[in-house]
Amino acid sequence: MTKALISVTGLDATGIIARVATKLYELNINILDITQTILGGYFTMMMVVDLEGAHMTFEEINQALQPVRDELKMAIHIQRMDIFDAMHRI
Amino acid sequence: MIETGEILQTLRMIQEENFDIRTITLGIQLLDCADADPEICAGRVYDKICRVAKNLVRTGEEIETELGIPIVNKRISVTPVSLIAQGDPRPIALALDRAAREMGVNFLGGYSALMHKGATPADERLVASIPEVLSETERLCASVNVASTRAGINMNAVREMGEIIKQTAERTAELDGLGCAKLVVFANAVEDNPFMAGAFCGIGEPECAINVGVSGPGVVKVALEAVKGQPFDIVAETVKRTAFKITRVGQLVAREASQRLGIPFGIVDLSLAPTPARGDSVAHILMEMGLEMAGAPGTTAALALLNDAVKKGGVMASNHVGGLSGAFIPVSEDIGMIEAAAAGALTLEKLEAMTCVCSVGLDMIAIPGDTSAAAISGIIADEAAIGVVNNKTTAVRVIPAVGKQAGDRVEFGGLLGFAPVMPVNPFGNEEFIQRGGRIPAPLHSLRN
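Protein chains in written order, with this note's numbering: chain A, 1 to 90; chain B, 1001 to 1448.
Treat the hints as calculated values from the structure; they're not laboratory data. Among the hints, a few may not be true.
Between beta-carbon pairs, the in silico distance windows are [to be verified]:
1. A:Ile90 / B:Arg1278: 27 to 37 Å
2. A:Ala21 / B:Ile1203: 50 to 60 Å
3. A:Met56 / B:Gly1104: 20 to 30 Å
4. B:Glu1124 / A:His55: 43 to 53 Å
We put the CB at the ideal spot given by N, CA and C, even for glycine.
Assemble the whole structure, with the sequences as input and the hints as a guide.
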C-alpha cells in the first residue's frame, strides 16, 4: 500500500468532493479516509488514499489531477503520507 | 492515524513558513582520478562526476514532488582538489565547473586545500589559482582550511588568504565581488558539510555519500510566537520540538535519496539556514525572543540558546548528524541581519562574538573595497582563534566591495542576497600579519 494525502483547499462550491472522488475513481485510487470542514467560506478537505491500484508514477497521478485543479480553481496537493508520519510519529 | 491538526501543521510549515530541505549534497571522492597530467586528471574528474551524479537532480525532484516539500538545492562536493592535482589545478577547476553545469547542480564545492599545519606545493598552486578560477567559473566553490584545534593556526596561510580574497574581489569587481561569495576560509573544517560554499568531501569520507541540510528558521519563529513572554526554559523546549520535526523530514529525504541513488546515507546537517526572503530569517527568531534588532545586548545569549536547542532537538531525529549543524548567521542571506546591519545595530565585532556560539562564522559580510589584505587576514586570524580555542568550526566569508565604502550596498542576487557594506576597524596590523609562522595548538586542560 502506498498511502498519500490529497489536500483540497479553496472557496466552497457545490460538487467539489464529487469531482475529486470521480477523478480518483477513474484513476483506480482507493479513498481510505476523508475529513472536510468549511471555515469562513473556505473549503478544506483532506483525503487519505491508497495509490497502489493506480499503476502510474506519482508524477503521472499528480498531472492527472491538473484538470480537476483547473476546473474547480482549488489548490489540490498530493503528497506521500510518509512526511506526516516522519514529522509527527516516533 | 495522523490527526487533522498535525496534517495542517505540516502543510502550514511548508506553504506559509518557508520550511524546506535546503540541500541534498552528493559527496564524491576523486582520489582515484589523480594523474601527473592535469588534462588527464580533469577528464577523469569530469567523467566520474557525470557517472556518479547523473540521477542526482532528477531523483531530488521526484522526492520533492512525492513528499510535497521543496528541496531547494541539489549539489555536489568533491575531494579537496589540491589532493589530486599534481600539476596545474586549473584544468580540473574547469572540468568541475563543466560537470556541475552538465549535472544541473547550482554549486559544486571542493576546490579546496587543507593547510592548517602547512602547505604542499599542490596546496600552494591551488590557493594561488583561486582568484582566476573563481572569476572564470560559475558554479565552483573554493575553501581553504587554515587552522585546527590540534594543529593551531597556520599564519602563513592566513596572510596569504587575505591577499587571495582581495584579488578575488578585484577580479570579480563588476559583480560586486561575487567570487568571494564562493570562497570560505575555515578553522576546523568538517568533512561532511553539505552547505556551500564550504562543502568538500573529506578524505575520511566513503567513496560517495548523501548528505542533507535542512532549514526552516520561519518555522521556529512562528513556533516561538505562541510562547511570547514565557521564560527561556519554554523557549528552548519549543525550539527543540520544532527542530525535531524539521530534522525528521530531513532524515526521511536523506533515506529516500540514498535508497533511490544506491549511495550510502552520510549525515543530516541540523541547520537553520536563512534566505533573504521575509519569514526565513534567523535574526527574526532572535527578535522574537525579545530583542529589538539582532545585535542588541543579549544577542549572543539568544543565539547560544537557539544553536544549542536546534542541535538537541535535531539529534534525536536522525541516525547520523554531522556537517556544520546549528544556526547560520550570514548577513546578506538573512533579511533580519541585513536590516540590523543597515540600522547600525549589528557590527563586525558583535558578529564575531556571535560566531563563538553559532554554527560557523563570519559569513557573507561585505566590507569596504579599500580594506587592506592585512586587515582581512587579521579578521581571519581572530575567527580562527575562536574556532581553535573553543574546539568548533569557524569560518570567514567576507566580500571586499571594490570601489564602495561603509554604508553602500552590494547585490549578489538569488539566495546570496544583498548587504550593506560594513565598516572594518581602521587601525593597522601589518606587522602582526607579516610575522607568519604558526600559532601553536592550544592547551586543552586547565580550562578557564
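Evaluated hints:
no. : hint                            : result
1   : A:Ile90 / B:Arg1278: 27 to 37 Å : 33 Å, holds
2   : A:Ala21 / B:Ile1203: 50 to 60 Å : 56 Å, holds
3   : A:Met56 / B:Gly1104: 20 to 30 Å : 25 Å, holds
4   : B:Glu1124 / A:His55: 43 to 53 Å : 60 Å, violated
Checked against the numbered hints above, the structure breaks only hint 4 and satisfies the rest.
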